[in-house]
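J.: Residue numbers (the numbering used here), protein chains in the order written: chain A, 1 to 285; chain B, 1 to 285; chain C, 1 to 285; chain D, 1 to 285.
Honestly, the hints are just simulated from the structure, not real lab data.
You may find that some hints are simply not true.
Just so you know, same-sequence chains aren't split out, so a pair can sit in one copy or run between any two.
DMTMM-like, lysine to aspartate or glutamate: derived pairs with alpha carbons at most 20 Å apart [unchecked claim]: (1) K85 x D165; (2) K85 x D73; (3) K254 x D37.
4 protein chains.
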Amino acid sequence: MITFGCPDRTGIVAGIATFLAEAGGWIVEAAYHTDPDTGWFFTRQEVRADSLPFDVDELRARFEPVARSLGGDQAQWRIDDTGQKRRVVILVSKEGHCLYDLLGRVASGELDIDLRAVIGNHDVLADITRAHGIPFHHVPFPAEPDPEARAAAFDQIEKLVDEHDPHAIVLARFMQIVPPHLCERWAGRALNIHHSFLPSFVGARPYHQAYQRGVKLIGATCHYVTPELDAGPIIEQDVIRVNHEDAVSDLVRKGRDIEKVVLARGLRWHLENRVLVHAGRTVVF
Amino acid sequence: MITFGCPDRTGIVAGIATFLAEAGGWIVEAAYHTDPDTGWFFTRQEVRADSLPFDVDELRARFEPVARSLGGDQAQWRIDDTGQKRRVVILVSKEGHCLYDLLGRVASGELDIDLRAVIGNHDVLADITRAHGIPFHHVPFPAEPDPEARAAAFDQIEKLVDEHDPHAIVLARFMQIVPPHLCERWAGRALNIHHSFLPSFVGARPYHQAYQRGVKLIGATCHYVTPELDAGPIIEQDVIRVNHEDAVSDLVRKGRDIEKVVLARGLRWHLENRVLVHAGRTVVF
Amino acid sequence: MITFGCPDRTGIVAGIATFLAEAGGWIVEAAYHTDPDTGWFFTRQEVRADSLPFDVDELRARFEPVARSLGGDQAQWRIDDTGQKRRVVILVSKEGHCLYDLLGRVASGELDIDLRAVIGNHDVLADITRAHGIPFHHVPFPAEPDPEARAAAFDQIEKLVDEHDPHAIVLARFMQIVPPHLCERWAGRALNIHHSFLPSFVGARPYHQAYQRGVKLIGATCHYVTPELDAGPIIEQDVIRVNHEDAVSDLVRKGRDIEKVVLARGLRWHLENRVLVHAGRTVVF
Amino acid sequence: MITFGCPDRTGIVAGIATFLAEAGGWIVEAAYHTDPDTGWFFTRQEVRADSLPFDVDELRARFEPVARSLGGDQAQWRIDDTGQKRRVVILVSKEGHCLYDLLGRVASGELDIDLRAVIGNHDVLADITRAHGIPFHHVPFPAEPDPEARAAAFDQIEKLVDEHDPHAIVLARFMQIVPPHLCERWAGRALNIHHSFLPSFVGARPYHQAYQRGVKLIGATCHYVTPELDAGPIIEQDVIRVNHEDAVSDLVRKGRDIEKVVLARGLRWHLENRVLVHAGRTVVF
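One chain only, chain A, in its complex shape (with noise of 0.2 Å):
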């Protein structure tokens, strides 16, 4: 699969067309977009592996310069392997919704991943994920505020997180704030859901926040994590009504199948590279 971005002009659709043509290239699906604005180009190109007479590593070598002449310098692409299953580690925190529907995702085979790792701040979650044969990891944080140990805790998911070279890291329902130079580290690769429908009710207990405002729906929203708190590139949000009879218990639940849903449909595009970013905001292809 290819994704490609450069500065919009004439000639590149049939460029990057014609190389896949000339290579024997079955397109399956393929995918164009240029931001007004930005006069930014998007393109996503899935091409059918065995119609091509050569591997991947071949297919970068001769796109190479093809992305070259097409975006010059500016030119931004990748070529995957979707062959190849996609490495998940997933964060959590004592909220176990968002987990238990990814690994039954995973387990009916709908979401065919290679999941390496749960790693929680608490261990509640650990029997249900070691059931599904899912490595475990407790990394406890500091109850008080303790600047040292929570960079310790940090440093500790870290290491575990990087040793699986990830293709998404999944906060699901991780009630920690990812410090900086981890969300730098983990750009575009770190996704989190928030239970609001962002930009309103940023930060800590948005559904009180709903609550007292009296919206008629509530929302959840999943987003690439970046070192401003809920303000990263909005990849998925949906929303449900709620009522004057539901209370803040009631917006919690309800809100508990949007958020799952949301996140699994963010990081099913992620993982098969639909999401690409340009000044903050996603195109999903």
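With chain A held as given, fit chains B, C and D onto it using these hints.
T.: Same frame as chain A, but now just chains B, C and D:
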């Protein structure tokens, strides 16, 4: 129709139901709610007028001691004759979609109201209004900041509105900020449609803000007008999905369909006395 | 909790509310409805158990004459102690997504039920069920049409189910057609999830049917099981948008997320006695 | 704008993209799809007219050999000048909500079409149509079954429609069944709005059917008119939630808001050549 609110205690439902049963009232629709946060009890009772052996004034007189016995000094209630058409005044600027929509609903009989007047700070919507047989008043506003001319314009609007003693003053994409003294005067009767899913994107150009943030759904909010901008009690909200292919102009276009329907629903519920406000939030029966 | 239904007339609400008020009952939630078509009155009253000076059996005994005086012979009512956990049995085949979802809700405490057993006509879901500490029974069905073996298998299922006297029998993508005598025996307690927006696409392979018709939304329906296939009273439905890019396999995948949430909602409402059936339709309070 | 379809094979995208690039065409929007079932390839290419050094006729002449080389005899394609306003005729009966909605969209400039005429088998919508400056033709239909009079009325409608050679004939709640020869004549240009979520509730009184079945969502469907009633290719659908409190009259009222928006979207997409039909299903680019 009776709406009633007071601090909750046992026996309120029995008290009201027994009062109505003894009067022979045929309850068409009844709704009850207690807010767990504030302990406030709300009810709305729709009674068939012809099932009562007396008129609305007599019903009010007879209900008064019942209301006092149930809620004491804190009881808040009103009894309206829904057989009487509700008087409505609409304020507009240049954008016509909400006005067209309301005029169409009135013309088709779906919205069975006494639409007294449309007032615009521009006159582009005068012709279509008058084609529907509704008076249109043009009250120009100063193009440059001019507090005195602006105040004079609002004085004129106040006079034009208040002569109809309307049950609802509808800000149908009226692009002027209503001064605090009018917000107070029209409290609980002035409805605004804001073109975002509040509390996101308060103020000017919400679709531009939504585009910049890269949200995946856009929305609209119908709320009561209060002195704090876009912060009044929310009556209704809805959203529509957008994606990276949508430019700001597409958001504007798609959003209109949500604005129209959200405003129409909010207005209907308001005129049917379905919306009860307490602690900055609404109960919509 | 009291649910009550009878032909409508004046004074029913007053009668029930007065009865509860005199008993000192604190009404947590009350709902009323009269069907305009059939003239049938429905109510559901949730009363705090600790607000009553007697137990559930005494409440039943005291309510009996009230019910008779309001609804005569036609009165239909029940009083349940919601403090008691509801017993549930789940039937499955090979598809696990609904089971995974329900197990996750039970494990997280969201669905606070007494899940007695899972019964499968295949055993692929045995391990995950037992990992959650729930007994799994494998009841094989004949691969070829064999009415006797099939009847024997259903006899075994009947025995396994009935020994738990369950409040709900959940067909969580159970791919065998329940024989009429079991539909009768489990009437009002057996819930099915059908993977289409009924009444469209009754019977087998609804996603294939939906694909062939080219619909732009697909759905799922939770309904009570009746002898006529997929024709029982509908408890809940929902839909999700699809488009021309979605192959049948995409419909299957996207549909699962709707099936799960529709079944979970329907089951919750059923167990909370929120679903009242009359004339083939449901009232969901 | 170019739309093109043919059996899929490698090199089609490259062929079209190279043709456009060599002509200097600036592609504003491009979409591709291959139906996995039928192996049919679809594309739509929106090119800025001023980026081409020749006119639409010349573009057609030059594209013809390209189309033939890519798709042979089976190639289906058209090139339209989107700078030219699309001609539309609307057919109505008594229900005005879809007509009001379309007139409002035309008046506000949102729907930038050449609305040539409105034709009604009743005249109740004549005044509002003329108030918008659009000609209205009243073609009365026989009240009692009278095949000859009915055929004569349709002959008159055919004449009134065809003199405008419209790009779209919109049945905006036109309550007469179009005879097969007109369905053929207007194939791919006549759009109907049906007030149900097809294929549920084909034919008359779908809201009554929906009420009787007790569905929890109602919908509307915009589809191309074909000789088989309500069975044409679906362009767009949407739904809205209803519940037991909604009488048939409420379904009718709520459904109107869905009908209006579904018809408006379907018409827009049709007029922008976004809707391609193959094997009874639509691709909507």
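J.: Next, verify each hint and record whether it holds.
T.: Now the hints, each set against the structure:
Taking the shortest Cα distances, K85 and D165 sit within 20 Å of each other inside one copy (13 Å), while across copies they are farther apart (46 Å). For the identical chains of this complex, K85 and D73 are neighbours neither inside a copy (31 Å) nor across copies (42 Å), given an alpha-carbon limit of 20 Å. Proximity of K254 to D37 under the C-alpha cut-off of 20 Å is restricted to the inter-copy arrangement: shortest distance 19 Å between copies versus 37 Å within a copy.
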